[in-house]
Amino acid sequence: MLLNDWKDIDRLNHFKKLEDIRLQGIPVLDALSELERRQHLIAYLPSVIRLNGSAILQKEREDSERAFIRFFLSEDERPKRFYELEAIHGKLDPLVDVDLSPKKTAQVFVHFCEEQSTLTVNLQQSVQELKATLSDKFGLRPAKMRLFYIDQDMKEFCGPDELRYNNRKLYSYQIRDGDEFLIDSK
Numbered sequence: 001m002l003l004n005d006w007k008d009i010d011r012l013n014h015f016k017k018l019e020d021i022r023l024q025g026i027p028v029l030d031a032l033s034e035l036e037r038r039q040h041l042i043a044y045l046p047s048v049i050r051l052n053g054s055a056i057l058q059k060e061r062e063d064s065e066r067a068f069i070r071f072f073l074s075e076d077e078r079p080k081r082f083y084e085l086e087a088i089h090g091k092l093d094p095l096v097d098v099d100l101s102p103k104k105t106a107q108v109f110v111h112f113c114e115e116q117s118t119l120t121v122n123l124q125q126s127v128q129e130l131k132a133t134l135s136d137k138f139g140l141r142p143a144k145m146r147l148f149y150i151d152q153d154m155k156e157f158c159g160p161d162e163l164r165y166n167n168r169k170l171y172s173y174q175i176r177d178g179d180e181f182l183i184d185s186k
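Residue numbers for the sequence shown follow UniProt numbering, beginning at 1 and rising by one.
Treat the hints as calculated values from the structure; they're not laboratory data. No false leads were slipped in.
Restraint ranges, calculated between C-beta atoms of paired labels, are given here:
{"#": "1", "residue 1": "F15", "residue 2": "D99", "range": "41 to 51 Å"}
{"#": "2", "residue 1": "H14", "residue 2": "T105", "range": "54 to 64 Å"}
{"#": "3", "residue 1": "C158", "residue 2": "P102", "range": "21 to 31 Å"}
{"#": "4", "residue 1": "T118", "residue 2": "L57", "range": "46 to 56 Å"}
{"#": "5", "residue 1": "S101", "residue 2": "A143", "range": "28 to 38 Å"}
The calculated DSS-like cross-link candidates involving lysine-lysine, where the alpha carbons are at most 27 Å apart (straight line), are:
{"#": "6", "residue 1": "K7", "residue 2": "K17"}
{"#": "7", "residue 1": "K7", "residue 2": "K80"}
{"#": "8", "residue 1": "K91", "residue 2": "K59"}
{"#": "9", "residue 1": "K137", "residue 2": "K186"}
{"#": "10", "residue 1": "K169", "residue 2": "K155"}
{"#": "11", "residue 1": "K144", "residue 2": "K186"}
{"#": "12", "residue 1": "K144", "residue 2": "K169"}
{"#": "13", "residue 1": "K186", "residue 2": "K169"}
{"#": "14", "residue 1": "K104", "residue 2": "K137"}
{"#": "15", "residue 1": "K144", "residue 2": "K155"}
{"#": "16", "residue 1": "K7", "residue 2": "K91"}
{"#": "17", "residue 1": "K80", "residue 2": "K16"}
{"#": "18", "residue 1": "K104", "residue 2": "K155"}
{"#": "19", "residue 1": "K7", "residue 2": "K59"}
{"#": "20", "residue 1": "K16", "residue 2": "K59"}
{"#": "21", "residue 1": "K59", "residue 2": "K80"}
{"#": "22", "residue 1": "K17", "residue 2": "K80"}
{"#": "23", "residue 1": "K137", "residue 2": "K169"}
{"#": "24", "residue 1": "K59", "residue 2": "K17"}
{"#": "25", "residue 1": "K169", "residue 2": "K104"}
{"#": "26", "residue 1": "K137", "residue 2": "K155"}
{"#": "27", "residue 1": "K103", "residue 2": "K155"}
The beta-carbon is built from N, C-alpha and C at its ideal position, and this holds for glycine as well.
Turn these sequences into a full structure, and let the hints guide you.
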């Protein structure tokens with residue numbers, strides 16, 4: 001049987017005893033990620049308990065059905081199965097898209113002697129690389145430089161933290177916009 005669209009997949013539901021199925025190379029699924037393919041097939045085929053050799057647990061079925069509903073929320077044309085699942089799970093809100101990736105740069109203040117400067121630092125660089133950048137800016141060799149980090153949120157409770165580990169990446173200090181660096185000569 002050739003399955004070209006969702007109606008063809010929906011016809012599989014006429015086989016009430018169909019519990020185990022392997023499906024590959026279905027054109028309508030090509031635009032979806034591997035996870036979305038599996039979720040859509042699970043949501044479309046309620047009697048199937050094993051898909052492509054893997055068991056479908058109840059939690060996976062529920063998650064797949066909910067993902068299926070959310071997938072079609074913004075679509076104008078919704079399949080019949082959407083409304084069946086919405087009757088089971090209720091009206092769902094779209095999931096909030098939260099970006100939890102770490103910041104790549106931060107605007108910081110740098111203090112050296114009487115000089116203060118604002119600098120955008122790459123948080124992927126190491127302490128040693130930051131010292132080299134500061135060396136160019138302030139004319140103090142990295143070997144003669146002691147660098148301290150001042151966390152704006154913590155400065156009332158603790159003092160500056162010396163950055164002693166040259167290979168440590170700056171992001172590991174949780175540096176944010178508005179934080180400060182203090183340069184002292186050895």
